[in-house]
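Work out the full structure, taking the sequences as your base and the hints as a guide.
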Amino acid sequence: MSNTSVENTGLPTTVNVDAYLALNHYDVDEGNPHIVVAENCASEEFLKLVRVCPAGLYRLEEDGKTLFDYAGCLECGTCRIVAGNTIIERWENPQPGMGIQYRYG
Amino acid sequence: MADFEAIVVGSGCAGSVAAYELAKANKSVLVIERGMSAGSKNMTGGRLYLHSLQEVFPNCRAEAPLERKIAHERISMLTSDAAFTVDFSSKAMLEPGQESYSVLRATFDPWLAAQAEQEGAEYIYGIAVESLVKQGEKVCGVKAGEDEITADIVILADGVNSLLTSEAVGFATPRTSEMAVGIKQLIELPEQEVASRLLCAQGEGSAWLFAGDATKGYPGGGFIYSNKNSISLGLVATISALESADATICGMLERFKAHPAVAPLIEGGKVVEHSGHMVPEGGYQMMPHLVGNGVLLAGESAMMCVNLGYMVRGMDYAIAAGMHAGRAASSALDDKDTSKESLERYTEALEQSFVLKDLRQFQRFPEFMESNLRIYNEYPALLRDVMQALFIVDGKPTPRLKQALMPLVRKVGLTTLLKDVRKGMKAL
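Read top to bottom, the protein sequences are chains W and B.
Just so you know, the first sequence maps onto residues 1321 to 1425 in our numbering.
Just so you know, the second sequence maps onto residues 32 to 459 in our numbering.
Certain hints may be false.
Claimed, not checked - Pair by pair, the computed Cβ-Cβ distance ranges are:
1. Gln129(B) to Gly1404(W): 39 to 45 angstroms
2. Ala1339(W) to Glu222(B): 22 to 28 angstroms
3. Pro291(B) to Asn1336(W): 21 to 27 angstroms
4. Gln149(B) to Glu1381(W): 17 to 23 angstroms
No lab work stands behind these hints, which were simulated from the structure alone.
C-beta atoms are modelled at their ideal positions from N, C-alpha and C, and glycine is treated no differently.
Dropping the structure here:
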């Protein structure tokens, strides 16, 4: 677990991205993550992902715990470019028929 | 004998057009799309310049699901408290061959796929290609799920986040300075409202780019495209700067939506989709080899994109590249030679077309846009201060214009300003 607290990063935590993601259509592959992030990952590396993920899926809790949930993934690949060689252990496309299904795009 | 003469991976702009050209030349072609339908994994800002689509489909104006014809080009320089906007409209923008349209990929891509299918291309959806099948050094098919499907030639049109280009042509993962992340929301508004809020005639729309405070002063910008009954609003931010910023891309988007120049445009609108997509911004310098042994790359998988700040293009390059890839592949199949040497005819065709000519022409621009942070900070502030000197009346005696403006310009430095203009012009 990382010990970086949100307050030290200057990053706002108020954006409720979940409410937006709830508008999207997903077929979530329960229990079969297509992205795996290392446990005990370096906090600076994780913070980069907090900043760049357009779905806001990488989060720091107030006690500094890192959270990642692949379910709302937009499959853009940004985290792969940022941390594919560091704390992202696996980045695959979701299984057949799974993941985001844009209705507008 | 191979299962198909050609396999196309991905059914976006490049893929479906390549498949259409191959099918039209009576080649057996299979398109493998990982989404459950064409466009379901895709997103654009977005605006399509029509010229290259028109070359392949002369009836596209009447038949393709286009949203609004773009009749206004707007560019804004934002500070947190001000907006300086240029609005350009002209009849020339609406002329056939010069016009552009807003599009949505979940409707546009299926139409494009249908054109290829009608010519005889086969499609399978919902399966991702995991790896390429090679015989020695030559690509001779793909592995998808449990199946190996073989072909004389494979065209990779699987987009900016291709997991196959390294295997195909040894393309290394792009650097974060060469890539931007795009975030977009689709905001529904009644058709009349879209037109009136964006000062457009019915059926017409506007393209609007924002620099400066849109991305909180970091390299990148905001965009608003008007669709029939929605607005596509979002940001594109260079990843290398964003990853150490004092903001998240999601936070920046909310900030942009709340900007006094933006908020009234979307007030009362309903967000119906939230999307993300990477944008290759490194230009020509970051492009992979377009040709390998038995394999071609087209569209964003080959990083074909130009962002000049005032103009962003990708889809028209992808369509042209798809057309040339399909034609080159089918003539190579006729010659019964799909080796790298034979397929170089594709690169040659692109060299002769606007695709590689443009990408070459603008190859120094990405570095200019990224290295010059004044574009996103000092210059929007300078414009605000100059405009305030011109427009604000408070009853105090008005100084001579030169007296009012020179101290403002001196804040940035006249030489710095002139140097930046010169550098910008050189990069264009």
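Going through the hints against the structure:
At about 41 angstroms, the CB distance of Gln129(B) to Gly1404(W) agrees with the hint of 39 to 45 angstroms. In this structure, Ala1339(W) and Glu222(B) meet the distance hint of 22 to 28 angstroms, their C-beta atoms being roughly 26 angstroms apart. As the Cβ distance of Pro291(B) to Asn1336(W) is approximately 22 angstroms, the hint placing it in 21 to 27 angstroms holds. For the pair Gln149(B) and Glu1381(W), the beta carbons lie near 53 angstroms from each other, so the given range of 17 to 23 angstroms is not met.
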